[in-house]
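The listed protein sequences correspond, in order, to chains A and B.
Following my numbering, the residues of the first sequence are numbered contiguously, the last one being 458.
Following my numbering, the residues of the second sequence are numbered contiguously, the last one being 458.
Source of the hints: derived by calculation from the structure; they are not laboratory data.
Where hints are given, some of them may not hold.
One copy or two, it doesn't matter: identical chains are merged, so the pair holds either way.
[Claimed, not checked] Computed cross-link-like contacts, DSSO-like style, restricted to lysine-lysine with a CA-CA straight-line distance of at most 30 Å:
hint : residue 1 : residue 2
1    : LYS256    : LYS271
2    : LYS375    : LYS48
3    : LYS91     : LYS359
4    : LYS314    : LYS359
Number of protein chains: 2
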Amino acid sequence: MSQKKTVYIGPFIQCKTLTDLDICPNGMIGVDEGGRIAFVLRDERGRKIPEGDGWEDAKIVRIQDHGFFFPGFIDTHIHAPQYPNAGIFGKSTLLDWLNTYTFPLESSFADLATASRIYNRVVARTLSHGTTTACYYATVHVPATNLLADICQTRGQRAFVGRVCMHEMSPEYYRDESVETALRDSKACIEHVRKIDPEFDLVTPIITPRFALSCNTESLAALGKLHRELDLPAQTHISENPRECDLVRDLFPESKSYADVYESAGLLTPKMILAHAIHLTEEETALIRARDAKISHCPASNTALTSGRAKVRKMLNAGLNLGLGTDVSGGYTSSILAEAREAVFVSRHVAMDEGDEAKLSVEEALYLATRGGAKVVGLEDRIGGFEVGKMWDAQMIGLEAVGPETTELDQSAGPVEVFGKETWDDLVAKWVYTGDDRSTTAVWVGGRLVHAKEGFRL
Amino acid sequence: MSQKKTVYIGPFIQCKTLTDLDICPNGMIGVDEGGRIAFVLRDERGRKIPEGDGWEDAKIVRIQDHGFFFPGFIDTHIHAPQYPNAGIFGKSTLLDWLNTYTFPLESSFADLATASRIYNRVVARTLSHGTTTACYYATVHVPATNLLADICQTRGQRAFVGRVCMHEMSPEYYRDESVETALRDSKACIEHVRKIDPEFDLVTPIITPRFALSCNTESLAALGKLHRELDLPAQTHISENPRECDLVRDLFPESKSYADVYESAGLLTPKMILAHAIHLTEEETALIRARDAKISHCPASNTALTSGRAKVRKMLNAGLNLGLGTDVSGGYTSSILAEAREAVFVSRHVAMDEGDEAKLSVEEALYLATRGGAKVVGLEDRIGGFEVGKMWDAQMIGLEAVGPETTELDQSAGPVEVFGKETWDDLVAKWVYTGDDRSTTAVWVGGRLVHAKEGFRL
Numbered sequence: 001m002s003q004k005k006t007v008y009i010g011p012f013i014q015c016k017t018l019t020d021l022d023i024c025p026n027g028m029i030g031v032d033e034g035g036r037i038a039f040v041l042r043d044e045r046g047r048k049i050p051e052g053d054g055w056e057d058a059k060i061v062r063i064q065d066h067g068f069f070f071p072g073f074i075d076t077h078i079h080a081p082q083y084p085n086a087g088i089f090g091k092s093t094l095l096d097w098l099n100t101y102t103f104p105l106e107s108s109f110a111d112l113a114t115a116s117r118i119y120n121r122v123v124a125r126t127l128s129h130g131t132t133t134a135c136y137y138a139t140v141h142v143p144a145t146n147l148l149a150d151i152c153q154t155r156g157q158r159a160f161v162g163r164v165c166m167h168e169m170s171p172e173y174y175r176d177e178s179v180e181t182a183l184r185d186s187k188a189c190i191e192h193v194r195k196i197d198p199e200f201d202l203v204t205p206i207i208t209p210r211f212a213l214s215c216n217t218e219s220l221a222a223l224g225k226l227h228r229e230l231d232l233p234a235q236t237h238i239s240e241n242p243r244e245c246d247l248v249r250d251l252f253p254e255s256k257s258y259a260d261v262y263e264s265a266g267l268l269t270p271k272m273i274l275a276h277a278i279h280l281t282e283e284e285t286a287l288i289r290a291r292d293a294k295i296s297h298c299p300a301s302n303t304a305l306t307s308g309r310a311k312v313r314k315m316l317n318a319g320l321n322l323g324l325g326t327d328v329s330g331g332y333t334s335s336i337l338a339e340a341r342e343a344v345f346v347s348r349h350v351a352m353d354e355g356d357e358a359k360l361s362v363e364e365a366l367y368l369a370t371r372g373g374a375k376v377v378g379l380e381d382r383i384g385g386f387e388v389g390k391m392w393d394a395q396m397i398g399l400e401a402v403g404p405e406t407t408e409l410d411q412s413a414g415p416v417e418v419f420g421k422e423t424w425d426d427l428v429a430k431w432v433y434t435g436d437d438r439s440t441t442a443v444w445v446g447g448r449l450v451h452a453k454e455g456f457r458l
Numbered sequence: 001m002s003q004k005k006t007v008y009i010g011p012f013i014q015c016k017t018l019t020d021l022d023i024c025p026n027g028m029i030g031v032d033e034g035g036r037i038a039f040v041l042r043d044e045r046g047r048k049i050p051e052g053d054g055w056e057d058a059k060i061v062r063i064q065d066h067g068f069f070f071p072g073f074i075d076t077h078i079h080a081p082q083y084p085n086a087g088i089f090g091k092s093t094l095l096d097w098l099n100t101y102t103f104p105l106e107s108s109f110a111d112l113a114t115a116s117r118i119y120n121r122v123v124a125r126t127l128s129h130g131t132t133t134a135c136y137y138a139t140v141h142v143p144a145t146n147l148l149a150d151i152c153q154t155r156g157q158r159a160f161v162g163r164v165c166m167h168e169m170s171p172e173y174y175r176d177e178s179v180e181t182a183l184r185d186s187k188a189c190i191e192h193v194r195k196i197d198p199e200f201d202l203v204t205p206i207i208t209p210r211f212a213l214s215c216n217t218e219s220l221a222a223l224g225k226l227h228r229e230l231d232l233p234a235q236t237h238i239s240e241n242p243r244e245c246d247l248v249r250d251l252f253p254e255s256k257s258y259a260d261v262y263e264s265a266g267l268l269t270p271k272m273i274l275a276h277a278i279h280l281t282e283e284e285t286a287l288i289r290a291r292d293a294k295i296s297h298c299p300a301s302n303t304a305l306t307s308g309r310a311k312v313r314k315m316l317n318a319g320l321n322l323g324l325g326t327d328v329s330g331g332y333t334s335s336i337l338a339e340a341r342e343a344v345f346v347s348r349h350v351a352m353d354e355g356d357e358a359k360l361s362v363e364e365a366l367y368l369a370t371r372g373g374a375k376v377v378g379l380e381d382r383i384g385g386f387e388v389g390k391m392w393d394a395q396m397i398g399l400e401a402v403g404p405e406t407t408e409l410d411q412s413a414g415p416v417e418v419f420g421k422e423t424w425d426d427l428v429a430k431w432v433y434t435g436d437d438r439s440t441t442a443v444w445v446g447g448r449l450v451h452a453k454e455g456f457r458l
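The task is simple: from the sequences and hints, build the whole structure.
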């Protein structure tokens with residue numbers, strides 16, 4: 001798709017390293033017709049729209065007041081069909097939660113009207129939270145999964161869409177019939193995406209064995225083969241819940257560990273995204289590192305389901321690549337901003353046990369939400385920051401300026417209030433801790449405006 | 001103040017016990033001119049506005065769609081002046097956080113214009129979150145503290161307003177000069193409230209030694225004497241941070257424990273509210289139980305400042321009375337709804353260590369936020385639920401109904417979406433986990449409308 005050349009003028013912020021922000025209070029970013037960043041200017045004095053190449057006629061998008069451009073968020077693990085259950089889990093833990101809440105809901109996606117209604121909401125809602133890339137689990141249903149891919153493309157969200165493979169330990173009413181049908185149906189979904197987006201510019205199919213317990217040695221091996229033959233990404237769960245880990249040990253006695261179950265199937269590759277990874281042994285961590293498989297950290301879900309506290313600092317120190325996942329609806333929120341806050345909070349609980357080094361800063365959580373996530377989904381060359389050549393996957397953040405005489409609330413502006421003495425670092429911290437979708441004024445994917453807040457006009 | 005008789009028609013929900021909700025899908029509550037509940041009807045068939053006494057002419061307020069009336073929230077611990085710092089604390093813990101972020105901000109309340117601007121925002125914001133009663137710490141400044149009391153009265157929030165006493169371990173630029181000036185200034189604030197609200201109908205002064213480390217044996221004893229002589233409530237902090245506990249032990253060597261420091265000062269009474277109580281010993285728990293002092297649980301703050309995990313279940317089992325406190329700005333949020341979620345989450349972290357019994361349910365968190373908080377502030381006869389004779393301190397909750405054809409978001413409706421298959425329990429869980437101020441359509445204190453969401457007309 002071709003858009004008008006656009007120049008984005010105003011402060012921009014991105015992650016420079018895991019620990020440091022790059023804050024440019026007075027920037028100018030040019031985005032070409034293909035949605036790619038053509039130039040980044042940060043010199044206050046010499047900042048001038050370049051001459052030639054038609055930039056003189058470019059559209060201008062300017063930050064008002066206390067706002068900034070920020071890279072779009074990457075949700076590396078989200079179950080799209082579970083969205084209506086966000087917040088519903090009682091005191092359950094993983095395995096009873098699946099049977100009580102999750103499988104009945106997912107099975108209803110045999111109905112395309114249900115799928116359409118809910119998938120449209122999920123994509124619209126996550127875009128409103130600034131999620132420019134989402135790594136979706138769908139259901140077993142081919143038509144509904146294909147519809148999710150269609151909706152992502154129509155609404156303009158960069159997405160990985162996975163038909164879920166599950167034939168073991170799943171209810172009669174909701175499962176793949178056999179390994180063969182699982183493979184056949186997965187291939188059908190891959191073909192559909194090839195048809196609507198042949199180069200996978202926006203939507204990419206992803207091979208999705210639900211988790212070891214939903215599969216067996218045979219199906220995992222078959223999916224591993226597909227993964228490598230087609231060079232497509234894959235995603236699954238690992239080591240989320242102690243009882244799950246015990247069951248994997250019982251059911252895969254020939255494997256040295258949970259990670260080894262995937263390793264044996266040829267699924268532990270640089271293109272595999274492993275969600276949770278809470279109870280990994282050191283050997284498993286080393287194996288995942290050696291294979292360069294990626295980790296999706298889902299702190300809100302891990303707390304809600306009492307799954308445990310992932311040791312993010314240890315994994316980072318071991319050289320693993322991590323991103324954040326909302327894990328809707330094990331996680332209650334579809335917002336990666338809220339998830340960043342949860343990552344900070346879970347790290348503080350780890351720190352209570354293991355010392356201050358475990359603490360993640362706001363900057364580190366934002367890194368996981370952007371550049372970290374980009375690496376996890378294998379798109380670090382295209383998204384995650386504002387470098388020339390990268391896609392303009394970005395959000396415009398707007399915070400409320402409280403003037404000396406402002407005593408009344410503007411609830412539509414959202415809860416982040418700027419009193420005037422804050423540093424840029426303070427503003428970012430306030431945004432992460434107290435912000436919500438109301439702070440996200442506009443969202444672009446590949447240069448295309450995919451969300452604008454009510455009342456916002458470019 | 002006298003209002004028009006009003007009848008509130010529609011579903012209402014309140015806490016019946018610690019663990020159980022009272023859900024009335026089809027209720028009718030009459031509130032008299034004094035803001036007091038005159039009748040509660042819950043019989044679907046016989047539900048009819050009573051005849052006589054002028055109820056025929058009463059104003060009618062009706063719930064639309066998926067909403068319900070819920071008792072107003074009670075924030076049992078909030079530092080009003082720290083509001084602009086919400087979300088700003090880096091990786092600090094209690095004692096360095098106080099010196100780096102908190103004392104400099106609080107000291108700026110010597111300026112009344114600053115106080116006016118920020119206190120107006122705090123009261124407006126907390127009302128928008130459904131907080132009908134707040135237990136405020138102000139600063140050392142008499143004029144600013146009196147202004148906070150005025151603002152609570154003008155805006156109609158039920159409040160406890162405490163001038164903070166602190167003369168030890170506090171910076172030169174921000175402290176009481178002496179025990180004498182601390183007492184004199186505290187009395188001045190008490191007198192001010194007596195002048196504006198002689199019966200403490202809405203605003204009550206509260207005696208507020210900041211915490212043991214900000215005082216000494218002499219000042220604590222003097223404040224304890226004042227507390228008992230005037231029969232006014234008191235509030236302070238206890239056992240928040242391990243280093244703080246060590247210092248208390250060092251500086252009060254004659255005391256058997258942190259709790260005993262307050263006990264010795266005559267401050268451990270049924271009208272004392274102790275915030276945090278994370279690292280209490282069993283002896284301290286027993287002492288607090290024996291004195292019937294109350295606990296304000298502040299989970300968001302305790303996690304953010306890595307203070308520790310309060311053992312709520314143990315305290316409840318020991319017979320202690322607990323409410324929730326946002327502890328702005330150790331806590332990032334001024335919303336008790338968000339705090340209820342944090343209470344559930346911290347309890348899950350406790351459960352990871354100590355077993356499932358530690359888990360708080362959504363219902364239990366809501367109990368702490370309403371009836372629990374009412375006991376903590378000593379107003380259980382007036383607020384916390386919908387019984388005849390209680391004040392109409394209430395919020396109207398509105399959730400978004402997503403029809404079969406609704407694919408677009410209504411961001412102003414807030415993030416709680418009702419897809420139609422939810423039970424009432426599910427709706428409450430969704431509200432607690434995913435709701436925010438946008439779910440709070442209107443708020444009343446003592447029958448007076450004190451907040452209405454933009455666009456909402458009664």
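Practice prompt. Please work out whether the CA atoms of LYS91 and LYS359 approach to 30 Å or closer within one copy, between two copies, in both situations, or in neither?
Written response: This pair counts as both: shortest intra-copy Cα distance 27 Å, inter-copy 7 Å.
Discussion item. One pair to classify: LYS375 and LYS48, alpha carbons no more than 30 Å apart. Within, between, both, or neither?
Written reply: Neither, since 33 Å and 63 Å both go past 30 Å.
Worksheet item: Is it within a copy, between copies, both, or neither that the alpha carbon of LYS256 lies no farther than 30 Å from that of LYS271?
Response: within (22 Å within a copy, 59 Å between copies)
Practice prompt. With 30 Å as the alpha-carbon cut-off, assign the pair LYS314 and LYS359 to within, between, both or neither.
Written response: both (11 Å within a copy, 27 Å between copies)
Of the numbered hints listed earlier, the single one contradicted by the structure is hint 2.
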